[in-house]
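Chemist: In the order they appear, the protein sequences are chains H and F. So in my numbering, spot 34 of the first sequence is number 974, and the numbers just go up one at a time. So in my numbering, spot 197 of the second sequence is number 1137, and the numbers just go up one at a time.
Do not take every clue at face value.
Identical chains share a label here; the pair holds if one copy fits it or two copies do between them.
[What the hints assert, rightly or not] Computed cross-link-like contacts, EDC-like style, restricted to lysine to aspartate or glutamate with a CA-CA straight-line distance of at most 20 Å: (1) K1099 with E1036; (2) K964 with D1125; (3) K1066 with E1134; (4) K964 with E1027; (5) K1099 with E1126; (6) K964 with D1120; (7) K1107 with E1076; (8) K1040 with E1122; (9) K964 with E1126; (10) K964 with E1122; (11) K1037 with E1126; (12) K964 with D1031; (13) K999 with D1015; (14) K1102 with D1006; (15) K964 with E1036; (16) K1102 with E953; (17) K999 with E1122; (18) K1037 with E953; (19) K1066 with E1079; (20) K1099 with E1067; (21) K1099 with D1015.
Bear in mind the hints are in silico, worked out from the structure with no lab data behind them. Keep in mind it's a predicted model, so treat the numbers as computed, not measured.
Protein chains: 2
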Amino acid sequence: MEYYSSHISNLIEQLSRLPGIGAKSAQRLAFHIVNMSSEQVRQLADSMLDARNNIQYCKSCCTLTDQEFCPICSDSRRNPRVIMVVENPRDLAAYEKTGKFDGVYHVLHGAISPMLGIGPDDIRLKELMRRLQNNEVDEVIIATNSSLEGETTAMYISKLIKPSGIKVSRIASGVPVGGDLEYIDEVTLLRALEGRVEL
Amino acid sequence: MEYYSSHISNLIEQLSRLPGIGAKSAQRLAFHIVNMSSEQVRQLADSMLDARNNIQYCKSCCTLTDQEFCPICSDSRRNPRVIMVVENPRDLAAYEKTGKFDGVYHVLHGAISPMLGIGPDDIRLKELMRRLQNNEVDEVIIATNSSLEGETTAMYISKLIKPSGIKVSRIASGVPVGGDLEYIDEVTLLRALEGRVEL
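Here chain H stands alone, though its shape is the one from the complex (with noise of 0.2 Å):
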């Protein structure tokens, strides 16, 4: 694109590789990146490197955070003995926003998807099973989507608890087929946590 400059041609074609940023968009975000002030686009430049360089995985729940363990995993509030499998963190806060859920999460970042050569190694789905080997937990809900490669996980993880006695459950359906978590309103996604039934 010889038209722009070659600072915006870079930029736009950065902004163009992030997911749901068209090259409409991209052009859009760039030209308004260039009218910002400096100082607006240094703490933006900061944020993004802030954010990337001291972030890290809860050692608890695989969820991503600034500590070892994540607010909620330090929570003395939050009851131990009932974990929330979700597939990123996106999810974990969409449950978060309901307040109603008192246990504690485990964040897969992922689902299993044969299509996308996705495997239960792929996800942390050992970090899972760890922590259920102490008897601490008596319960797993499972929050996966309600698509294909949340619902073949479900069943993977189910199959894989269920011989060690621990209940195991999934959450209602309520939520949409094909629904993504993070865009369910939240009536939805506690009527779905209340039917939840025993895999």
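Mind docking chain F on chain H? Use the hints.
Modeler: Same frame as chain H, but now just chain F:
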């Protein structure tokens, strides 16, 4: 949002200030960014700072560029006697992509909008008038958007230039090529009817 690390919350907040990025997209982008390699995040952040800090307005057409004069104004193959007036550099890029305009541009960086309190002095209009002073321009093609603001700006510029005897034209508005009549708004349909040309 206590359930995110402050670094991520901060990044989400920074991202959600960008145009067209809502709370959900900001979350999605933030988690994508913390999952990128350090090197990729560094490149993204640098591209923003580079673009912001190396960009200036072309001394002739006012588009954003990294040199005193933009590549188009510096190109001897372009005809400087025909100036197309656009609202912003994205519109310039849109016409450049057609590859069929060999004149030069003038970028207003906005449009007159009494509603938003944007007057003629708030866009790069003085700079346009200055370019017309030395009898070196034959035609000014006004290619502002066909919105209320764009039309207002076109009328205003037209009245300003006309006394000088320079030809002023306006790009045609009408039904887009490939557009299905039934989905096009009435104002556009009327405009297309009024602007009909004899075959």
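Chemist: All hints, please: hold or fail.
Modeler: These are the hints, each one checked on the structure:
1. In this homomeric assembly, K1099 and E1036 never come within 20 Å of each other (Cα to Cα): the closest approach is 27 Å inside a single copy and 59 Å across copies.
2. When the C-alpha separation of K964 and D1125 is checked against a cutoff of 20 Å, the pair qualifies only between copies, where the shortest distance is 13 Å, while the shortest distance within a copy is 30 Å.
3. Taking the shortest Cα distances, K1066 and E1134 never come within 20 Å of each other, neither inside one copy (28 Å) nor across copies (66 Å).
4. Proximity of K964 and E1027 under a CA criterion of 20 Å is satisfied inter-copy only: 16 Å between copies versus 30 Å inside one chain copy.
5. For the identical chains of this complex, K1099 and E1126 are neighbours neither inside a copy (27 Å) nor across copies (56 Å), given an alpha-carbon limit of 20 Å.
6. For the homomeric pair K964 and D1120, the shortest alpha-carbon distance between copies (12 Å) is at most 20 Å, but the shortest distance inside one copy (25 Å) is not.
7. Proximity of K1107 to E1076 under the C-alpha cut-off of 20 Å is restricted to the intra-copy arrangement: shortest distance 12 Å within a copy versus 83 Å between copies.
8. In the homo-oligomer, the alpha carbons of K1040 and E1122 lie at most 20 Å apart inside one protomer (16 Å), although the nearest pairing across protomers, at 46 Å, exceeds that limit.
9. Taking the shortest alpha-carbon separations for K964 and E1126, only the inter-copy value of 14 Å comes in at or below 20 Å, while the best intra-copy value is 33 Å.
10. Within a single copy, K964 and E1122 get their C-alpha atoms only as close as 25 Å, which misses the 20 Å cut-off; across copies the closest is 8 Å, which meets it.
11. With identical chains, the CA atoms of K1037 and E1126 are at most 20 Å apart within one copy only, with a shortest distance of 7 Å there and 44 Å across copies.
12. Taking the shortest alpha-carbon separations for K964 and D1031, only the inter-copy value of 11 Å comes in at or below 20 Å, while the best intra-copy value is 29 Å.
13. Proximity of K999 and D1015 under a CA criterion of 20 Å is satisfied intra-copy only: 14 Å inside one chain copy versus 59 Å between copies.
14. Taking CA atoms no more than 20 Å apart as the test, K1102 paired with D1006 passes in neither setting, with 33 Å inside one copy and 63 Å between copies.
15. Proximity of K964 and E1036 under a CA criterion of 20 Å is satisfied inter-copy only: 15 Å between copies versus 34 Å inside one chain copy.
16. In this assembly of identical chains, the alpha carbons of K1102 and E953 never lie at most 20 Å apart, being 48 Å within a copy and 41 Å across copies at closest.
17. For a Cα distance limit of 20 Å, the shortest separation of K999 from E1122 qualifies neither inside one copy, at 24 Å, nor across copies, at 48 Å.
18. For the homomeric pair K1037 and E953, the shortest alpha-carbon distance between copies (17 Å) is at most 20 Å, but the shortest distance inside one copy (35 Å) is not.
19. Only within a single protomer do K1066 and E1079 lie at most 20 Å apart by alpha-carbon distance; the minimum there is 17 Å, versus 71 Å between protomers.
20. In this homomeric assembly, K1099 and E1067 come within 20 Å of each other (Cα to Cα) only inside a single copy, at 16 Å, whereas the closest approach across copies is 72 Å.
21. In the homo-oligomer, the alpha carbons of K1099 and D1015 never lie at most 20 Å apart, since the shortest distance is 30 Å inside one protomer and 69 Å across protomers.
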